[in-house]
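A.B. asks: If you're matching them up, the sequences are chains A and B in order. Going letter by letter, the first sequence gives residues 1 to 259 in the numbering used here. Going letter by letter, the second sequence gives residues 1 to 280 in the numbering used here.
Don't read these hints as lab results, they were simulated from the structure. Built from N, CA and C at the ideal position, the CB exists for glycine as well. Any given hint could be a false lead.
[Said to hold, decoys possible] Cross-link-like lysine-lysine pairs, in silico, DSSO-like; alpha carbons within 30 Å at most:
id, chain 1, residue 1, chain 2, residue 2
1, A, K137, B, K278
2, B, K178, A, K107
3, A, K107, B, K161
4, A, K85, B, K178
[What the hints assert, rightly or not] Just the calculated beta-carbon pair ranges, DEER-fashion:
id, chain 1, residue 1, chain 2, residue 2, range
5, B, L37, A, N126, 55 to 61 Å
6, B, I276, A, N21, 56 to 62 Å
7, B, W19, A, K137, 58 to 64 Å
8, A, D151, B, L17, 45 to 51 Å
9, B, I117, A, S83, 54 to 60 Å
10, A, E143, B, G113, 36 to 42 Å
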Amino acid sequence: MSAIPSSPLKAEVKKLNFYYNLVQALNDVNLPIAEKRITALIGPSGCGKTTYLRCFNRMHDLYPGNRYEGEIILYPDQLNIISPKVDPIEVRMRISMVFQKPNPFPKTVFENVAYGLRVRGEARRNLLEEKVEKALKQAALWEEVKDRIHDLAFNLSGGQQQRLCIARALATNPEILLFDEPTSALDPTATSKIEELIMQLKKEVTIIIVTHNMQQAARVSDYTAFMYLGEIIEFDKTDKVFTHPSIRLTEEYITGRFG
Amino acid sequence: MRINRRRYLTQKVAKILIWMAALSTMGVMALIVLQVLSEGIPVLSPRFFLESPRSMGREGGIFSTIIGTIALTVVAIVVATPLGVGTAIFLGEYTREGRISRVIRFGIGCLAGVPSIIFGLFGFVFFVIYLNMGWSILSGGLALAAMILPTIICTAEEALKAIPYSFREVSYSLGGTKWETVTRAILPNAMPGIFTGIILGVCRSIEETAVVILTAGSSLIIPTSLFSPVRTMSVHFYILAREGISMEMAYGTGAALILLVLFVNIVANWRLNRYIRKRA
Ligand SMILES: Nc1ncnc2c1ncn2[C@@H]1O[C@H](COP(=O)(O)OP(=O)(O)OP(=O)(O)O)[C@@H](O)[C@H]1O
Ligand SMILES: [Mg+2]
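All chains, full assembly: derive it from the sequences and hints.
C.D. replies: What follows is the structure, encoded as structure tokens:
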């Protein structure tokens, strides 16, 4: 562990342990998350990337037997988001997630993007329309769907569906946006569109992205954490990690010798 | 080579047996329906539907029994749907698998296997006598509701289970509460399945006799309130045939009953397809 980011922190993970019942999946993880930067998580399959990401919006609370230890401090208010005293819904109001597979609801494009606004009680039509349009523009989807905003979301292509899911997550102005391998189900063209989009988004929101694709991490992220067996092995500026990794294991992984 | 031939033969025999099973089922059903319809349809006329029975049903039509059938079914559905869907939501979304949910499921399983006459007896003892509601639309509707409750719960539960888990996760990840997740992300998608269960309940209510005789009575007078006794078409058919009052009228009633159930199913299917097409 080295390299405290020079930019201000949006969150800080301190001594995080996570257990699926008795199985420990994360082991004393520490990690600073820089504000309005992209932090990438890389590592071989099963090392705990998804587990780690899902701690940030308390997704593990949906299933019985899961247990957190340690702290994830959210700045500026220094809220420990994994404290049992903090309502997971409150956390999810501030931290949104984009899943691996595009997963729109069987609703219209509009209603998909409006979902998070509606559960927050927003019912004013003009405000909904305004925010949906803004989110779709942010997700670089507006031009493609503006004429069929009331069509079913399933009629969009896979890449468009994933950008729709990004718009849906953006519509409520989250402070952190989590991506779990957002392009693994997409073709190269759709992938590069999403990568471009993610790089655009960091102007407005802090991003954590899990990826299997090392080139992707190198292309889009500012910081990279390499995980192995539930631990963070190395964390540094992305170009440092990919050019001069300080730990053998990291080097072996990014040069494709295992994983 | 020999094995191949044996497997080929097995395959052939199985296919023939399965076809025979399906065809004989369809054959028996067709026979019954055709028998009733061919005897009954000549009796049908606008007057048959719009006039109330006279002299025990020997003459006149079946108007009051149509009203009785509709009234009982409506009460049964209005009571059983919220209870059944609510229970299914409770089982599927609000409890983790545990002792409570196992006890409830066991209870539902038992209820589903109970012959309808037991619901009739229960309704008679509890609603008619104990709660002093007499033979009435209310007693009958409530007893029918108890009878169709397991069906509605089971179909609704299956429908809820079929919703991909990702919809729940997305809804929660966007800050949804459990209630918002159930009402906005889950129920709309489970609607077709839940609706199918309700229609099943409608058909069973229309067809039921044992429960209705014991709880709603067999009055041929047009009901004026929820506390009026009524006779349904099924009961009318049963009484006409059993007491040998008029086989002709019995067949007419039977034909009307079959047409009603057919009508309900066709309309339901049409609505369902429209709903599904609109969302997918
Ligand atoms: N629900 C669960 N219950 C028990 N163990 C789990 C559960 N989910 C994941 N695990 C275990 O936790 C470890 C980390 O899994 P995780 O899904 O976080 O890995 P990952 O790095 O995201 O892998 P991948 O790159 O394949 O997505 C694995 O050993 C996995 O088997
Ligand atoms: Mg994963």
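A.B. asks: State for each hint whether it applies.
C.D. replies: Hints and how they fare:
no., hint, result
1, K137(A) / K278(B), "holds (27 Å)"
2, K178(B) / K107(A), "holds (19 Å)"
3, K107(A) / K161(B), "holds (19 Å)"
4, K85(A) / K178(B), "holds (18 Å)"
5, L37(B) / N126(A): 55 to 61 Å, "holds (58 Å)"
6, I276(B) / N21(A): 56 to 62 Å, "violated (39 Å)"
7, W19(B) / K137(A): 58 to 64 Å, "holds (59 Å)"
8, D151(A) / L17(B): 45 to 51 Å, "holds (48 Å)"
9, I117(B) / S83(A): 54 to 60 Å, "holds (58 Å)"
10, E143(A) / G113(B): 36 to 42 Å, "violated (59 Å)"
Comparing the model with each numbered hint stated earlier shows that hints 6, 10 do not hold.
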